[in-house]
Amino acid sequence: MRRLAPRPALAVAATLAVAVALVPLAYLVVRVGEAGWARVGAELLTRRTAVLAARSIALAVVVTTACTVLGVGSAFLVTRTDLPLRRAFAVLAALPLAVPTYVAGFAWVSTVDGFAGFWAATLVLTLCSYPYVYLPVVAALAGADPGQEEVARSLGKGAWRTFTGVTLRQVRPAVAAGALLVALYVLSDFGAVSLTRLDVFTRAIFTAMNLGFDRTGALVLATVLVALTALLLLGEALTRRGGARYARLGAGARRPPARHRLGPLRWPALAAVSALAALALGVPAASMARWAAQGVSRPGSLAEVAAAAGNSLWFAALGGALTLALALPVGLLTARAPGPVATALDRLAYLPHALPGLVIGLSLVFFGINVAFGLYQTVWLLALAYATLFLPLAVGAVGAAAAQAPPALEEVARSLGRGPAHVLRTVTIPLAAPGLGAGAALVFLTCMKELPATLLLRPTGQDTLATGLWTHTSVSAYAAAAPYAALLVLLSALPTWWLSVRTGAFAEGGG
Amino acid sequence: MAELRVTGVHKSFGRTPVLSRVDLTVPSGRLMAVLGPSGCGKTTLLRCVAGFEPVDSGRITVDGRDLTRARPERRRVTVVPQEGALFPHLSVFDNVAYGLDRAARKAGRVAEVLALVGLAGAERRMPHQLSGGQQQRVAVARALAPRPPVLLLDEPFSALDAALRFELRRDVRAALHADGATALLVTHDQGEALSIADELAVMRDGRIVQSGPPAVVYTAPADPWVAGFVGEAVWLPAAIDGDRAATPLGSLPVVGAGRGPQVLLRPEQLDVSDGQGGDGLRATVVRRDFHGHDAVLGLRLADGTEVAARVLGPAVPAVGATVGISVRGPVRAYQG
Chain X
1 MRRLAPRPAL AVAATLAVAV ALVPLAYLVV RVGEAGWARV GAELLTRRTA VLAARSIALA
61 VVVTTACTVL GVGSAFLVTR TDLPLRRAFA VLAALPLAVP TYVAGFAWVS TVDGFAGFWA
121 ATLVLTLCSY PYVYLPVVAA LAGADPGQEE VARSLGKGAW RTFTGVTLRQ VRPAVAAGAL
181 LVALYVLSDF GAVSLTRLDV FTRAIFTAMN LGFDRTGALV LATVLVALTA LLLLGEALTR
241 RGGARYARLG AGARRPPARH RLGPLRWPAL AAVSALAALA LGVPAASMAR WAAQGVSRPG
301 SLAEVAAAAG NSLWFAALGG ALTLALALPV GLLTARAPGP VATALDRLAY LPHALPGLVI
361 GLSLVFFGIN VAFGLYQTVW LLALAYATLF LPLAVGAVGA AAAQAPPALE EVARSLGRGP
421 AHVLRTVTIP LAAPGLGAGA ALVFLTCMKE LPATLLLRPT GQDTLATGLW THTSVSAYAA
481 AAPYAALLVL LSALPTWWLS VRTGAFAEGG G
Chain G
1 MAELRVTGVH KSFGRTPVLS RVDLTVPSGR LMAVLGPSGC GKTTLLRCVA GFEPVDSGRI
61 TVDGRDLTRA RPERRRVTVV PQEGALFPHL SVFDNVAYGL DRAARKAGRV AEVLALVGLA
121 GAERRMPHQL SGGQQQRVAV ARALAPRPPV LLLDEPFSAL DAALRFELRR DVRAALHADG
181 ATALLVTHDQ GEALSIADEL AVMRDGRIVQ SGPPAVVYTA PADPWVAGFV GEAVWLPAAI
241 DGDRAATPLG SLPVVGAGRG PQVLLRPEQL DVSDGQGGDG LRATVVRRDF HGHDAVLGLR
301 LADGTEVAAR VLGPAVPAVG ATVGISVRGP VRAYQG
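Residue numbers (the working numbering), protein chains in the order written: chain X, 1 to 511; chain G, 1 to 336.
Just chain G, same shape as in the assembly (with noise of 0.2 Å):
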């Protein structure tokens, strides 16, 4: 059980600064994705903590012991690379026992990690007869094989396919809680941070920009950049009044600090009837993306205004087509 806790790192290439004072918490045996776009500075945040990058300043601390300065090696911090990066002459066993000890190599432990991956009786095989997601599982393996306090995932499934990625990622969320370890996982999409992490950390230009669990920084996100970064955004202009937010949606009810002139909603929140009977809003269906278990619909309000709405189910509305729609739940109001 450890905390990790990085507090206000600085840390620049030449003149280029690309973390911009850090701070993070991951909480002991909670799992925190770093989510950020290409070149944020997610991948060097975690090759600093893993000490394969110095910081210019500030602290990284694991349950309160510093380890700022200490050597990669002396850290207990463990990384899975982005390609897995197993090492190509030894084999399955020799790569998880790489950082064992020869009582834990004796006591199975690497036969446990396997099977914690779901690759039990693995060991013999050499990492080249192994397919993409068995080798990024391996990887794994071998990271929690020493039972690290802390360990890293440089996006771990970023390599891999679709279906591949997602039952890899329950594996692989599922191990690390097996095992209690506290774990950062850094990623550009916002699907696989959702869905994997206990704690979500959002970054921009070397900055955290927000952090929380994942459901609160979807639905709270602290400015518009993380609302359209962390999924699907619709956008209303607004006057607001109290708690009711004026829209071209009607009046609906407003929560945050932001007094407008705009207001989120999210496109699930949006609900669509066949527009048949009563006396709602109407729109018009001018695109539709299908993607199997729902749809997102792009709907044309009569004053022009358009917005997404995500519907579930296989009775989705034609292009062309009449609906009514209604708002469920508070939108919530920013400035700019």
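Chain X on its own, in the form it takes in the complex (with noise of 0.2 Å):
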């Protein structure tokens, strides 16, 4: 009987910011449609494309896997079960999200010989990304009803099939939410794939553009990406189970879940969560602890360091607002309004996320040529690109802070005689507040983290710590371009640790 009020103004607003975020692929397209298509048949319907796209789709398929069994498998362990140290492992599991891929790919290049290729990079991007399944996940169970576990085992189902069984359905959506990053994230990763030599698109397309001064090649080959961009949002949107909606029914307030107690295993799961931490922290902290003390000592660095970090700080600030601005709307929307405009407007916004930050750069740098000349060289192009590129963590984030509001709340607070705008701030806001602030700190973290729309889009002169990173390692620089990886890391923690704690993953529950 239940249906939800069209929500004209959200969706106006909601089709307004998408609009915004896709002003870089629509422009991507303009450019491609110049080129001709006698021009883009030629580069696409090559023997080359063809190796390029399978070897990006086994990428992406390998490492969203191995992300959601690491992801689910750490999230549960950490808020679900009795494993030592569980606290300090909520938090290491969350931190190699600071760890951008560049960073991951020379500490293991540098320390390892010979360490190219395939696994290579699937090994670096898995310790990279699985964090985007490992969050969601750690919310969702924290937030998900005890009660549906218990009514299961009460039916005689075993520890293992109420888990298979209702535990993963109740995360399914952040599980797939995760996952649908994962993929994304791999499929536009440059930082991995170019340090382990490992040719996918974006690196064909930035040998393309960078060796080849050959932009329509580039754009073309980035078109296809978006393809495979399109392809992965509508098999997922299969997938989904229609009309399906998860915010919490019943009487009663939420209850702390009850923890497995694992046993026997307890040994191998500690040992398990500890190789990951070793692997995905332990690799890069060693590293950089060996080149960083070469690095600091050298005349006038610390200096430059410090500039730079407060460009990164900045330029992440603004377009984490940005961001969060563009995806309010879009969220609320996709949570409160379902129906195709919310679900088109969700996968619009998905696209340009796939696009490597590097084509979506390129098609700003172009843009603010020719079109919008007075935010050429300004930071305000530079925010509308990690709009472009993060608006999906945004959105993802506030659906899923939205879902903790149900509608029915609104509605009493509205009949108790106030605004719309009143039970957004003392009802919607507070209820969704942490999971908008866990969005906004995964936003500002992955702005933070950006590289190549930063090298091309920052004001002439002004070096963060990603480009300087990459100055100094692009000329073999490590000593001199540790200090930055270092304190890129140790800036990134902060928002992470804090996501960790706003997640709930430290929460023992209240009881």
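I should point out that these hints are in silico values taken from the structure, not numbers from a laboratory. Hints are not guaranteed to be accurate.
As the list claims (entries may be wrong) - So the derived label-pair ranges between C-beta atoms look like this:
{"hint": "1", "chain 1": "X", "residue 1": "W314", "chain 2": "G", "residue 2": "G108", "range": "49 to 59 Å"}
{"hint": "2", "chain 1": "X", "residue 1": "V20", "chain 2": "G", "residue 2": "S12", "range": "35 to 45 Å"}
{"hint": "3", "chain 1": "X", "residue 1": "A88", "chain 2": "G", "residue 2": "R71", "range": "45 to 55 Å"}
{"hint": "4", "chain 1": "G", "residue 1": "R71", "chain 2": "X", "residue 2": "D199", "range": "53 to 63 Å"}
As the list claims (entries may be wrong) - One side of the interface only, derived from the structure: several residues of chain X facing chain G at Cβ under 7 Å:
{"hint": "5", "residue": "V341"}
{"hint": "6", "residue": "L409"}
{"hint": "7", "residue": "G417"}
{"hint": "8", "residue": "R418"}
{"hint": "9", "residue": "V427"}
{"hint": "10", "residue": "I429"}
{"hint": "11", "residue": "P434"}
Ideal placement from N, C-alpha and C gives every residue a C-beta, glycine not left out.
Grab the two chains, each in its own frame, and use the hints to assemble them into the complex.
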């Protein structure tokens, strides 16, 4: 009987937000169109394109699978079991989010001789991106209704059947959202694949543009990546159960879930999470420590690094704010007025995320020169690039957060004489704040780690930590690069730490 | 003091009509229950009155004030949703005070309504520390707090166990009356509707099929469907002649406009005796549903007709026993 009221104002705001985020993509299409069909066809229908596509897809599948297993497994261990030191591991498991793939790649390449190829790239990408699954699943597990699990147990299902049949289904939207992010991340990664010398689309595009000055070729390859992304989104949409909503129903407020006793599995589980932490964090840390000692002793380096850190923080804050502002209407629309419009906007918002930052950056450079000259060489164009690239992260967070504030509560609040703005401030936002905060932190973090678009769009002469690191690394000055890397990781660790606290991985649940 | 009037309200979802020409009047200070099976549109009616759903046509007024197109926050119509829907991040005090202005908050209105629902002193507790019944009480207090002219309750007791439901129903009724609120409650539970309501409206397929005081609806249902929905019904074939009906239970006084061929009587109209003396009708007990305070017996007459009788008290005849029966009061005649 219940119908959600249509939200025309929200739909318009969401459409505008997505339109802004699609500017670079639209401009990309325009540029490709200008190149002409004959040229595009010649670039597209080659054996090399097919090989690149197969390799990119294989990498995405393998890394996503590995990340899902690691992410869900770690999330379950720290939230639902009596794993020793689980509070510490709850944080450690999230921290690799602070390690950019180019830092991790650098660390592995400089530590292991001959570290290159498919499995090398797989290892680096998995270790860097499994937190994209881990974090939302931790939040979902902390917020899920333990009553459903108890019902399953009482219906004669064992612990494993309950986990697969009930718990996993409760967190299914979180797993799906996380896995989708990982797959998109892998398709658009540049740092790891370039350092492990794995020729996939992104590296090929970079090579074409940077070495061959073949901008059309690069843009055409980029459109194939967009098509791959579209297929991925379509597949995800088909597997998603239609109309299923996951807002918690039922009387009573949340109860903390019961923890499973691991028993004899305690020590293997502890060894597994420890090994994961060692590979994902220990290797980069050791490598950075080795080089940084030489790096900081370089004259004048501290002032340079400090200036770069200031730029990093400022650019990321601005980008994060713009991204969240654009994501709010889209996320609210998908959560509250689901339908064809909301779904279409949600999908569209994902599209640019799969584009290499490099292409978004290049598209916006052209856009700045040809269309919006006032923005060119300002931090605003960079913020737009960030918003375009990272909108899905924020939309997902907003949608999940809005689901924590069921529509019935807003209706009650309205009936008590409070206008929509007041209700938003006193009910929806407080309930959604943890999720929104997590989204903001996630976007901030990702902006700070972003490399290629920042390289192209930062105002002249203003290095960030990422570009400073890249500049020094590109000339094999590992020692000079190391302080940038170390500070970048440290600064990134702060929001990551906060993220883990807010998503409840820390919380013992109050009882 | 306010009268809620719903006039000719239509509502459809897409092509499916949900409410068709619904007319209702809840007199000032009275509690009306809308009773209907699930899916009959009663919750939609409530949501239309609250302003959560726009109506397609018709009017909703409170004391003549037209609310049909007003936004929910302008209507001064508060709701108690099915599961309470307390704000999980706010204490009991803040939940109840949500719809109050600063002055009313300071004036102790929160404590007042909490006392009214039997939760005095619970101000500082959080929703998750309350039982289901307590949460529902807070939800009622929250809806009462701003002294709304009209209060809406959507199956507010359906999630509670029977004993709690009975007590809460009585307390809520008392609280509503103490505050002089006009209230509209929807439920699918006929016992709840009959016991709590001052006025009863029976709804089916998006229409109000009958409304009036519960006793009238119960004793003089508008049609056989209503008769069966608001209580247990015994149907007998009858030949009606003037104010008498010839039935398997003999010639009985008949009321109602219908001319047969069937008459209604309620199980409590059948008096069951031990069947020893006298010349009355005899029947055999074929079924016995024991409820503690009473029992419903299935009785088979000599001619095979089966009827149901409600008997009070501890001495309930066993299955197989032969009993004597007689009819109290008139039966009501219906067409078809």
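Hints and how they fare:
Between W314/X and G108/G the CB atoms are about 50 Å apart, so this pair conforms to the stated range of 49 to 59 Å. As the Cβ distance of V20/X to S12/G is approximately 37 Å, the hint placing it in 35 to 45 Å holds. Between A88/X and R71/G the CB atoms are about 50 Å apart, so this pair conforms to the stated range of 45 to 55 Å. For R71/G and D199/X, the hinted distance range of 53 to 63 Å is satisfied, since their beta carbons lie about 59 Å from each other.
At about 16 Å, the closest approach between the beta carbon of V341/X and any beta carbon in chain G exceeds 7 Å, and the interface hint on this residue is violated. At about 5 Å, the closest approach between the beta carbon of L409/X and any beta carbon in chain G falls short of 7 Å, and the interface hint on this residue holds. With a cut of 7 Å, the hint placing G417/X at the interface with chain G holds, because the nearest CB-to-CB distance is about 5 Å. Against a cut-off of 7 Å between C-beta atoms, the interface hint on R418/X holds, since the closest Cβ of chain G lies about 6 Å away.
The interface hint given for V427/X holds, since its Cβ lies 6 Å from the closest Cβ of chain G, which is under the 7 Å cut-off. Interface hint at I429/X: violated, since its Cβ lies 10 Å from the closest Cβ of chain G, which is beyond the 7 Å cut-off. The criterion of a C-beta within 7 Å of any C-beta in chain G is not met by P434/X, whose closest approach is roughly 10 Å, and the hint is violated.
Checked against the numbered hints above, the structure violates hints 5, 10, 11; every other hint is satisfied.
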